[in-house]
Amino acid sequence: MTRFPMIRKTLGRCLIIGIVLLFLFIALFPLFWIFIGSLHPTADLLQARVTFPPAHITLDHYQTLFHAQYGVKLFVRYIKNSLMVGLSVACLTIAIAGLGAYGLSRYRFWGSETMSRIMLFVYVFPQSLILVPIYVLLAHFRLIDSHFGLIITHTALVAPFCTWLLRSFFEAIPRELEEAAAVEGANWLQILIHVLLPLASPGVVTAGIYALVVSWGEYMFAVNLLMSGAKWTVPAGLATYMTEQAIEWGQLLAGTVLTAVPILIIFLPFAKYFLRGFLEGALK
Amino acid sequence: MTRAGVNEYVGLFNYQKVLSSSLFYQAVVNSLRWTGLSLAIQLSVPLILALALNQRFWGNSLARVLMLVPWIMPTVVVAIMLRWLMEPNVGLINHLLLALSIIREPIDFLGRTQSAFLTLVCANSWQFLPFGTLLILAGLQTIPRDVLEAAWVDGAGVWQRFRYIIFPLLGPVIGFVFFLAFVWNFNTLGLIWLTTQGGPLNTTLTLPVLIYRRAFRGSAMGEAAAMGSLASVALMIVGVFYFKYLWKRPT
Numbered sequence: 001m002t003r004f005p006m007i008r009k010t011l012g013r014c015l016i017i018g019i020v021l022l023f024l025f026i027a028l029f030p031l032f033w034i035f036i037g038s039l040h041p042t043a044d045l046l047q048a049r050v051t052f053p054p055a056h057i058t059l060d061h062y063q064t065l066f067h068a069q070y071g072v073k074l075f076v077r078y079i080k081n082s083l084m085v086g087l088s089v090a091c092l093t094i095a096i097a098g099l100g101a102y103g104l105s106r107y108r109f110w111g112s113e114t115m116s117r118i119m120l121f122v123y124v125f126p127q128s129l130i131l132v133p134i135y136v137l138l139a140h141f142r143l144i145d146s147h148f149g150l151i152i153t154h155t156a157l158v159a160p161f162c163t164w165l166l167r168s169f170f171e172a173i174p175r176e177l178e179e180a181a182a183v184e185g186a187n188w189l190q191i192l193i194h195v196l197l198p199l200a201s202p203g204v205v206t207a208g209i210y211a212l213v214v215s216w217g218e219y220m221f222a223v224n225l226l227m228s229g230a231k232w233t234v235p236a237g238l239a240t241y242m243t244e245q246a247i248e249w250g251q252l253l254a255g256t257v258l259t260a261v262p263i264l265i266i267f268l269p270f271a272k273y274f275l276r277g278f279l280e281g282a283l284k
Numbered sequence: 001m002t003r004a005g006v007n008e009y010v011g012l013f014n015y016q017k018v019l020s021s022s023l024f025y026q027a028v029v030n031s032l033r034w035t036g037l038s039l040a041i042q043l044s045v046p047l048i049l050a051l052a053l054n055q056r057f058w059g060n061s062l063a064r065v066l067m068l069v070p071w072i073m074p075t076v077v078v079a080i081m082l083r084w085l086m087e088p089n090v091g092l093i094n095h096l097l098l099a100l101s102i103i104r105e106p107i108d109f110l111g112r113t114q115s116a117f118l119t120l121v122c123a124n125s126w127q128f129l130p131f132g133t134l135l136i137l138a139g140l141q142t143i144p145r146d147v148l149e150a151a152w153v154d155g156a157g158v159w160q161r162f163r164y165i166i167f168p169l170l171g172p173v174i175g176f177v178f179f180l181a182f183v184w185n186f187n188t189l190g191l192i193w194l195t196t197q198g199g200p201l202n203t204t205l206t207l208p209v210l211i212y213r214r215a216f217r218g219s220a221m222g223e224a225a226a227m228g229s230l231a232s233v234a235l236m237i238v239g240v241f242y243f244k245y246l247w248k249r250p251t
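Read top to bottom, the protein sequences are chains A and B.
Numbering-wise (our numbering), the first sequence opens with residue 1 and increments by one.
Numbering-wise (our numbering), the second sequence opens with residue 1 and increments by one.
FYI, nobody ran anything at the bench for these hints, they're computed from the structure.
Among the hints, a few may not be true.
Which chain B residues face chain A? A few, computed with CB under 8 Å, are given here [claimed, not checked]:
{"id": "1", "residue": "LEU49"}
{"id": "2", "residue": "MET67"}
{"id": "3", "residue": "LEU68"}
{"id": "4", "residue": "THR75"}
{"id": "5", "residue": "VAL76"}
{"id": "6", "residue": "VAL77"}
{"id": "7", "residue": "GLY91"}
{"id": "8", "residue": "HIS95"}
{"id": "9", "residue": "LEU137"}
{"id": "10", "residue": "ALA215"}
{"id": "11", "residue": "ALA225"}
By construction, the Cβ of each residue, glycine as well, lies at the ideal position given by its N, Cα and C atoms.
Construct the entire structure; sequences and hints are all you get.
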């Protein structure tokens with residue numbers, strides 16, 4: 001083999017591309033198949049006669065989801081709720097994580113290194129454990145069944161990781177820039193907003209997208225903290241289609257597509273930023 | 001544990017109750033099996049994928065973006081996907097296996113004690129792979145290309161480059177992925193709750209599922225809190241161990 005380096009190189013390349021294609025197939029095919037399934041009439045779904053391209057295309061399942069005949073089960077409403085909660089979580093997280101990361105990267109104080117480790121350490125506590133205390137805490141402030149309660153809960157879930165991520169971005173920014181701004185008479189908040197955050201914009205986008213993705217998909221808190229159906233986020237609403245006695249596969253699949261598509265639409269345009277931000281910031 | 005004495009008596013009672021229930025031990029064993037098996041998959045597969053994605057080829061950046069898709073999917077989507085594809089009567093997997101005559105009768109993957117656990121581990125890993133791959137890829141990118149090229153010029157083969165350059169430099173990153181994956185898997189709740197709820201016959205009943213079931217279905221809040229505290233202490237020990245011995249900030 002060593003006598004034919006070109007052949008060897010080509011073989012290696014084919015192997016690498018083969019591995020990547022295999023993984024992409026495993027990653028994407030199930031989701032693609034759900035989309036195809038959601039276009040099939042119920043009769044075909046029940047006989048496992050899902051084909052590509054579909055023999056009969058129907059949008060009935062989507063129409064059923066969008067119409068009000070199910071009372072509170074309004075899918076559009078769920079999507080709006082989820083967007084509202086997710087975007088609020090992203091903004092709040094950036095604000096809190098930005099301040100936290102600034103403090104951790106620019107001020108050395110007793111315990112600052114320990115503190116940044118604890119940022120990741122908090123993730124050791126199981127969600128099933130913190131559900132109860134958070135419920136009790138929010139009940140004290142009358143924040144059960146309110147979007148605000150869910151927003152601050154989700155923010156608490158993602159803020160530590162985002163702080164840790166932003167911190168490495170801030171540390172990469174030379175201090176001379178801040179000193180120059182300070183000479184010009186800017187205070188620390190102005191420095192943070194006008195100097196650090198713009199320079200760390202890949203990190204800020206990464207943190208925001210991360211917060212949005214987690215909040216959009218979060219199920220356990222959403223379903224336990226929100227009582228009334230009209231306030232549900234998409235995961236909480238969608239899961240109710242699954243627990244019914246006879247599963248309406250068509251509606252369930254259409255609902256799944258409607259849950260997956262918005263986050264893909266939001267995520268994909270930023271994906272390159274996110275990747276870069278993550279690859280640069282996650283391990284430094 | 002540091003609370004005032006009023007809670008002490010009840011606290012001990014709850015711990016006693018938990019420690020004498022066989023279901024608790026079963027959940028602990030299930031959790032360890034769940035975490036161990038998941039870690040084996042979630043450390044090895046992302047390593048292979050990250051090594052492949054670290055090479056230059058046409059479409060690389062597109063592949064990286066598309067690879068992330070399972071990770072941004074909500075747990076509910078993964079649960080529905082799994083239930084639909086694995087369903088005995090309408091699911092694709094059974095349909096394919098029957099058509100290829102690999103099996104004679106449809107298998108209820110999530111309903112049988114022999115297969116539910118493994119099916120869920122695979123689905124769970126399916127979702128974690130992008131995140132692990134991304135982290136390892138980030139680690140690979142910190143390895144300077146000229147070091148690898150110099151080794152290549154000196155005649156180091158693929159395996160030698162991996163064994164003596166990449167692997168040692170990647171150590172801290174793999175440790176980091178290990179820690180995150182450990183915590184993430186040990187605490188998996190949503191996916192199991194939305195598919196099997198711990199069944200069939202408690203084969204997928206991990207500790208978080210048992211805690212959740214006790215707290216929200218059995219309204220045995222005290223027991224749930226006792227189990228949660230025990231789980232937290234165990235995880236804290238892993239965390240302290242990690243930060244004390246494995247944590248290295250690559251510079």
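Holds or violated: is the Cβ of ALA225/B closer than 8 Å to a Cβ in chain A? 7 Å, holds
Is the interface hint for HIS95/B satisfied, with its Cβ closer than 8 Å to some Cβ of chain A? Holds, because the Cβ-Cβ distance from HIS95/B to chain A comes to roughly 4 Å (cut-off 8 Å).
Does GLY91/B meet its interface restraint, that is, does its C-beta lie within less than 8 Å of any C-beta in chain A? Holds - the Cβ of GLY91/B comes within 8 Å of chain A, reaching about 7 Å at its closest.
Does the closest beta carbon of chain A sit nearer than 8 Å to the beta carbon of VAL77/B? 5 Å, holds
Close enough to count: is the Cβ of VAL76/B nearer than 8 Å to one in chain A? 4 Å, holds
Min Cβ distance, LEU68/B to chain A: is it shorter than 8 Å? 7 Å, holds
Next item in the hint list is LEU137/B. Is there a CB on chain A closer than 8 Å to its CB? 7 Å, holds
Identify whether the interface hint at ALA215/B stands, where standing means a beta carbon of chain A within less than 8 Å of its own. 6 Å, holds
Grab the minimum C-beta distance from LEU49/B to chain A and call the hint holds if it beats 8 Å, violated otherwise. It holds, given that the least Cβ distance between LEU49/B and chain A is near 5 Å, below 8 Å.
Answer holds if the nearest beta-carbon of chain A is closer than 8 Å to that of MET67/B; otherwise answer violated. Holds. Min distance 6 Å.
Given THR75/B as an interface hint, is the shortest Cβ-Cβ distance to chain A below 8 Å? 5 Å, holds
The structure meets every hint from the earlier list without exception.
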